[in-house]
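> First to last, the sequence lines map onto chains A and B.
Quick note on the working numbering: the first sequence kicks off at 52 and runs consecutively.
Quick note on the working numbering: the second sequence kicks off at -8 and runs consecutively.
There could be a bad hint or two in this list.
Said to hold, decoys possible - Covered, in the sense of this in silico footprint (three residues per stretch, anywhere, with C-beta under 8 Å from a C-beta of chain B), are these stretches of chain A:
| id | segment |
| --- | --- |
| 1 | 144 to 151 |
| 2 | 263 to 271 |
| 3 | 325 to 337 |
For the record, the hints were derived by calculation from the structure and aren't laboratory data.
Here the structure is a predicted model, which means the values were calculated and not measured.
Built from N, CA and C at the ideal position, the CB exists for glycine as well.
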Amino acid sequence: MPDDVLLDVKNLVKHFDVGGGLFGGPRGIVRAVDGVSFTLRRGETLGLVGESGCGKTTTGRCILQLERPTSGQILFEGRELTTLDDTALRAVRRKIQVIFQDPYSSLNPRMTVGQIIAEPLGVHGIVPDRGRRAARVRELLSHVGLLPQHGHRYPHEMSGGQRQRVGIARALAMEPSLIVCDEPVSALDVSIQAQIINLLEDLQAEFGLTYLFIAHDLSVVRHISDRVAVMYLGRIVELADRKSLYDDPLHPYTRALLSAVPIPDPELEAQRERIVLRGEVPSPLNPPSGCVFHPRCPIAIDRCPTVVPELREVKPGHWAACILA
Amino acid sequence: MLHSADVGTLLEVKSLRTEFVTRGGTVRAVDDVSWDVNEGETVALVGESGCGKSVSALSIMRLVAAPAGRIVGGQIVFRGKDLLKLSEEEMRRVRGRAIGMIFQEPMTSLNPVLTIGRQLTEGLEIHLGLSSTQARARATELLSMVGIPDSARRLRQYPHQFSGGMRQRMMIAMALACEPALILADEPTTALDVTIQAQILELMRDLSRRLGVAMLIITHNLGVVARYADRVNVMYAGKIIERGTARELYANPRHPYTLGLLRSVPRLDEARRARLDPITGQPPDLSRLPPGCAFAPRCAFRVERCTRETPPLRPIPGAGHVSACWEAEHLTVDPVHA
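One chain only, chain B, in its complex shape (with noise of 0.2 Å):
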């Protein structure tokens, strides 16, 4: 039922493929994934450095860097039309208005030059067509939509002069400005503090949920998703590996993957335990990928079938959500094998 084109479909991601030339040989950094977000919806996409959740993103904006990436295969379907069949022109009518981006990094994402005030007018005169008067009043309207006080002094300030959650506000505003219907945040807070890690979550939980606005989420903490997802993809090595909603995939996960990934974080919620369960192993070089599936050599539940084929991502009986593991049907919380 998740996966259906049912009217409530946003975006839909088809079989996606992006390569990169590397002096390695060719990466796979995004291969063959599907996945979609509906109306409203907030999804996340979980994996660790490598695993090409951030290349996904990008994707989707079509800002992979040429000439030594590109998207070799698929089909991103935004409101039933293809993203990669759009002119270069069209393309930047999408970016920022249709579809807004938040970084990991707000400082490096703003012009140190211009001041908080330009960077928020400019899209809204160049993209809804704004008077600098309209634009400035409407910018006014979004830094206190975002909590920043005082913003008639905010706006003529440059981002230096902003303290970090104070930018990923601003990078909000920026995102929201022009009224999309798809944020895509890639590790929102990752760089901030934890006390302020929690403000920002709040707020974009609160203003996608009062604007409609879906979220496409890109992180590598589970708790993160845990509270604001509604659904989670899981990925490693370039390929989703377990999908379904956050409270099916947290409660009975059915990748050794996601199983390792949920195992090996110590939890405040938990008796502290004497030793950590961690993943063996190193993450998996893209451009030496083994046979069969990414995971076979880290896994505590391997069998000789997972180092000749690669599992499909398929549903599990009894489980109500996708996996891609031969042995899904027989994880444990102990592995046989460990």
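Next comes chain A alone, as it looks inside the complex (with noise of 0.2 Å):
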């Protein structure tokens, strides 16, 4: 099971040149992934969770084709990303679709749920006949707990739950084999969180999906992810099997993220220890030396601005970047 890696990402990197337009600020580049490797098996969930600017969503793009990193590799079924021609993109493209944080700006306003399901099966040749696919249309509706009817709707008739079923439905057309979540519920409303994570995980059991599962939330990632990577200014701090990140945390950021989420229970709350840290993330323009979360780190010492650690195995399959851990 172990050797049935789907995707491979091997020291990706991007960065953005910024700046020298016309208000002439100064040049720079903005390191958004810098140096980001992980593997996800087949039929896996991966959480990657962060804090804004850490280089998730970006990571989650460059997967997705939809930015050119600056360097690195990105794997997928054993075939290189990075390299591949128009034509061969589109093919692999069918089998990465994307699932976004906000349904209403992702569906278009003008064509109805049905036409936006159906229309990525035709363009893609993958159900040619028109009769056939308003048959897939309405199978993919139910799959996502939809009627047949609402698929005369328009995004705007929908709820924020429902539109982000439609979004679901769209990628599932495809018969994808890996979806981006890109923080896909943290737009809805407490009481829909719950109804789209478990549906994300029922098609997953049934159509053998793997997810890459970006998202700030980290009692959402505990629960539906299988192994998580905490990102920190463009790299990965730690990377775990669920239970051990979340049960043993070995990088201080990882403690104080986990330190931060309030728990809805004030007698807990009321005798929980909590990591405050100091500051705000540096800018990804000018990133620290050394460690990059020296500055803000509760147990930082002479050498962690001097020396970059590096993301290495400290217990079997639990990787940390801290030369303390």
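Assemble the dimeric complex from its two separately framed chains, guided by the hints.
Here is the structure:
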């Protein structure tokens, strides 16, 4: 089973050039993703967590080939994506789908839900026959818990949760093997989030899907993921299976993140020790020397500003980028 | 005891009703709602989008957007005076002076073309009549109070030069500037990252304790409320459906909606569940509410009466707090109808 690697990301780097525009700001390079490596096994869910600007979404966009990586490799089913030509890429793209945070802005407001789901079936020639396409749309709607008559509605006539179901049906239409879920529940009301999470889990079991689940909510990530990678300033600082990461976090950043998550229990909260980090995430334009976390780290030592910690296997299957781990 | 108008009551909202006229008909965004805040206390209004929590706060400030929206009934008694009876001029003296505000998105509530210093000193000069030198000194003091270092330089900067967390600190400084008795904080940390959220919430709590300022926190996040609120009001479809001390309400929820919200979120302090227990169905359309209890269509404890009669907020025997549910005495963790 561990050999069944679906996606292999090796040393992914994505830098953006900024500045020097109309107002002549200083030129610079944003190191959005700075040497990220991980693998995804078929049928598993890897959670990718971190705060805004940590590079989790850019990592997802590179995998989706919506961004050209600056360097590094992305192997999907053994094929290197970064060097594929357009025709070959289009075939692969079918297999890698995405679910966005805001279903409203990712659905065409002038198309009915049925048309939105049917369109890629025609464009990619998955179901060329129109009559059968309608049947397939009904089938997809039922997979995501919607009724056939929902196909005649427009996105604005649906609630947030229903729209996210449409987004999921559209992704499923392509019969993908990998779905990049980019904050798929964070724009939804709390009472609806659980519905969508359960749906994603059901679909994974039914269709053998593999998920890259990008989110900032650590409780949701723990629920849905088999393994979890924590990102900070463009790097993975810790990577482990769910249980080890949450029960025994090795990186001080992971520990601080976990302690910052509020728990809906006043008794417990009153006793809980909270690690409040100093300062804010530095700019990826000018990341700190050595370990990028050292200016905020509560346990930093003399060597941290000079030594770049490598992501190393501290315990079997549990990786951390901290010299003290 | 919690609801008596004892000496400590700072703000008392009585039977407030705020409506919006929409193409789909009249929407009762806040529908006969009563609650209060005591001096120095932190009270939460919790609920999902469209439940009326933000409109409640806007109603207190009389900032509901007319002509579509208007307050059609009730009283908002602040320090013994009904704010709904004040002239616009008198109301302006309440806003930002006696009652401060903090919003979710600080960038949209700060003026992008004025320096941070000017935005802080403006209120001090208008409301407190300070000279520009005095206002400047007070602004410096306020910035350091909310943990913004290097205040002399910071006062010359513009909002876009501040990070999200710094802007929210700045909003807190502005809200505190005129030493208000009450701060309304509408989703104060929702737009912030988890670690910054923790910093801001700790700061708000410390300051409210140190300065004795009461706070109304409006949020959808039950976790945030657990740590910081003394009392909690849960709203659904324009009504308060449950209210109690935070400890009471979390330990012993007596409304199926509150119970459902608590049960549906995965929690870091519990063993991972194989499946989450969502609340079924969709949030209600306020222009087409069903008769009876608005939550009934989604409720696992529904009985026949629920679809006919709207349950009033009433004390629940043995619970020590109030709930608007006919079946409040009979709620179990696993609903019988599930």
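> Determine for every hint whether it applies to the structure shown.
Here is how each hint holds up against the structure:
{"no.": "1", "hint": "144 to 151", "in the structure": "violated (count 0)"}
{"no.": "2", "hint": "263 to 271", "in the structure": "holds (count 4)"}
{"no.": "3", "hint": "325 to 337", "in the structure": "holds (count 5)"}
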